[in-house]
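Based on the provided sequences and hints, a complete structural model is requested.
Chain order of the listed sequences is A and B. If you're matching positions, the first sequence starts at 122 in our numbering and goes up one per residue. If you're matching positions, the second sequence starts at 59 in our numbering and goes up one per residue.
The set of hints was computed from the structure by calculation and includes no laboratory data. Please note that a few of the clues may not be correct.
[Claimed, not checked] List of simulated lysine-lysine pairs, BS3-like, C-alpha gap at most 30 angstroms:
no. : chain 1 : residue 1 : chain 2 : residue 2
1   : B       : K277      : B       : K110
2   : B       : K236      : B       : K277
3   : B       : K69       : A       : K280
4   : A       : K126      : A       : K280
5   : A       : K256      : A       : K240
6   : B       : K69       : A       : K256
7   : B       : K133      : B       : K110
8   : B       : K200      : B       : K236
9   : A       : K256      : B       : K65
10  : B       : K277      : B       : K328
11  : A       : K126      : B       : K412
12  : B       : K412      : A       : K280
13  : B       : K328      : B       : K110
14  : A       : K280      : B       : K65
15  : B       : K339      : B       : K328
16  : A       : K280      : A       : K240
17  : A       : K124      : B       : K412
18  : B       : K133      : B       : K339
19  : B       : K133      : B       : K328
20  : A       : K240      : B       : K412
21  : A       : K256      : B       : K412
22  : B       : K200      : B       : K277
23  : B       : K69       : A       : K240
24  : A       : K280      : A       : K124
25  : B       : K110      : B       : K200
26  : B       : K69       : B       : K412
27  : A       : K280      : A       : K256
28  : A       : K240      : B       : K65
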Amino acid sequence: MLKMKDICKVYRTELIETHALRNLNLTVEEGEFVAVTGPSGSGKTTFLNIAGLLEQPSSGVYELDGEDVGSLSDRDAAHIRNQKVGFIFQSFNLIPDLNLFDNVDVPLRYRGWPARQRKEAIENMLEMVGLAARKTYLPSQLSGGQQQRVAIARALAGKPRFLLADEPTGNLDSLMARQVMEMLETVNGMGTTIIMVTHDAELARRAHRNIQVLDGQVSDLDSIYQARVDRIASGARGEAGHV
Amino acid sequence: MFSYYLKLALKSVRRTPILSALMVMALGLGIGAFMTTFTVYYLMSGDPIPHKSDQLYAVQLDNWDPNSPPTQSAKDIQPQLTYVDAEYLMHAATPASNQAAMYRTGAIVEPEGDDQAPFDGNTRATYHSFFAMFDVPFLYGKPWDMQADDRRERVVVLSRAMNQELFGGENSVGRSVKMNETAFRVIGVMDDWRPTPRFYHVDSGGVFSDAEDFYIPLKAATDLVLQPRGNVNCWLPPDGPGLEAFLRSECVWLQFWAELSDEHEASEYKQFLDNYVRSQKDIGRFPRPLATFISPVMDWLDIQEVVSRDNRVLVRVAFLFLLVCVLNTVGLLLAKFLGKGPEIALRRAMGASKNDVFSQNLVEVCAIGILGGVLGIGLAWLGLQLIEKLYRGYQHLVYLDGGMLLTALALAVTSSILAGVYPVWRVARLTPAGFLKTQ
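Rendered as structure tokens:
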């Protein structure tokens, strides 16, 4: 579904060049739940921005659903974002003077759905996150966890195939974080591919796959771990045979 | 999407009420100041008789003092004629299809009813051709005819307002009006007629005041010795006392207009005037080099500087003030829109293209412009009321008609778009990624 090959991202100013991503290679299959970890400044968010077509890579190939999306026009990138990608942010990013209904409505407006279809989708999503009764509330009238649930409803209202979550539990206490994580797992269970950036090792372990970004490059921890296990296992078998 | 953008615009205006109010006030002040001065200028400089202004010509003959500076243009000579010249032209076989000499005067009017006090009636003494030449509309009756002019008949045409005042608005044709103790028979009642500016007599300071209420034959007026109330200029004093000496003097006090249907007729008429002046030189009049001018209405208003230089300067100053207001609005809009960076970044992430963001914010800019326009119209109205109070004779220049209201709104929206294009463009180009992480 998502394939990145030799992706580089360089930020240039008059004085310095910063290499945020260096020859990043990654493939994510449909329906996967991938956790991305790494220290601050390692390039996680840049990776997520490129994955979500908010930024273009400086070089490399990025394919989404088999289509090269690395150098799309602004209009085409916006269209794909709107049709295929949902975003969840650490700080929820709800629009403060829009009520919950109107917040969830934001991506649907750009999709051009008729009012009736939008209403139905919004109410379904708010029902799913348990906030249907508060659709006229403003974000400031909700707790952090509730706000993040609204953000999830907003991200999913247009039924995207691909959900990008940037530290979705970063601003929540552990109980709320667990609830949000369970919600993401439910969404993933319904077939939505999720890439989640997190600092929380426990949450990362709950993903199908765990990759680490270090100095702008990806290390597939699970593959490394599996390779190490395989190596140890094969070593043990060799020793046994030898014995 | 327009209704959605409008809803967002109104929410955004409410979200930053002080900043929005400052922008609306800046635009409103600029629009208000500009529209006040421009409305006055527009009404002053408008064509008072658009369907035939290019066929009506003011006539000038240079009969002035030979020792005064040489004549270069129509601006340099007297705008009025002597009685001798006006009378000659009125009775000569000129190429003009219509001609009318005229002057403004006044008479004491004694109404029929006992409850109405006598008053000074604002009167124009002229010829029958005045009404046809200037397309004066009639409510009742008709103008007097050439015979009435020749027979010096005591007939009067009333304005609609005067007919209302004297006869309650009913058909007063045939009734009598006493003017300077002389009975005048009402022969016609004009419908509303208010050429603005009052082009046919621009030198008396009342060019923007109402047209006269009483119109009588010029000969009847001179018979009653009704004095001119406009400018009377003489480079030689009359050769004796009394009316007769005044009428044959070189004093200029009559306005003179000719209707000439095309350029050929105008050229022939000009030639006629030149020949007339040459013939007068032979008998010792017109001591200066030959100079005659005929000027169509709009040229005439320009020559007579009906719109003063001060007015033009004021319009320019007000326009500069509007530009300053627009520049201030640019800064305020920039501050406002850059403050919306996180929301815009979010909308971009949700699928809004740069064009979507541009359109959304342009609608907001237009909404601010319309609010500024409404405020500006209110301020312009106040400004015009102030002008009306401060300056007499500007009563008909202090209203905003439909066209000016639309102009004000269009100007407000255009100004706001001009002010908003850069901030809107700038904000549409914001990189969303930076805002999403830090919001």
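Each hint tested on the structure:
1. K277/B <-> K110/B: holds, 27 angstroms
2. K236/B <-> K277/B: Holds. K236/B to K277/B sits at ~17 angstroms (cutoff 30 angstroms).
3. K69/B <-> K280/A: holds, 28 angstroms
4. K126/A <-> K280/A: holds, 27 angstroms
5. K256/A <-> K240/A: Holds, at roughly 11 angstroms.
6. K69/B <-> K256/A: holds, 18 angstroms
7. K133/B <-> K110/B: holds, 23 angstroms
8. K200/B <-> K236/B: holds, 20 angstroms
9. K256/A <-> K65/B: holds, 18 angstroms
10. K277/B <-> K328/B: holds, 26 angstroms
11. K126/A <-> K412/B: holds, 28 angstroms
12. K412/B <-> K280/A: holds, 23 angstroms
13. K328/B <-> K110/B: holds, 19 angstroms
14. K280/A <-> K65/B: Given that 30 angstroms is the threshold and the Cα spacing comes to 25 angstroms, the pair holds.
15. K339/B <-> K328/B: Answer holds: K339/B to K328/B is near 17 angstroms, not above 30 angstroms.
16. K280/A <-> K240/A: holds, 14 angstroms
17. K124/A <-> K412/B: holds, 26 angstroms
18. K133/B <-> K339/B: holds, 22 angstroms
19. K133/B <-> K328/B: holds, 17 angstroms
20. K240/A <-> K412/B: Holds - the C-alpha atoms of K412/B and K240/A are around 26 angstroms apart, at most 30 angstroms.
21. K256/A <-> K412/B: This hinted pair holds, its Cα atoms lying about 29 angstroms apart.
22. K200/B <-> K277/B: holds, 19 angstroms
23. K69/B <-> K240/A: holds, 20 angstroms
24. K280/A <-> K124/A: holds, 21 angstroms
25. K110/B <-> K200/B: holds, 21 angstroms
26. K69/B <-> K412/B: Holds, because 21 angstroms separates the two Cα atoms, which is no more than 30 angstroms.
27. K280/A <-> K256/A: It holds: about 19 angstroms lies between the C-alpha atoms, which stays within 30 angstroms.
28. K240/A <-> K65/B: holds, 17 angstroms
Of the numbered hints stated above, none is contradicted by the structure.
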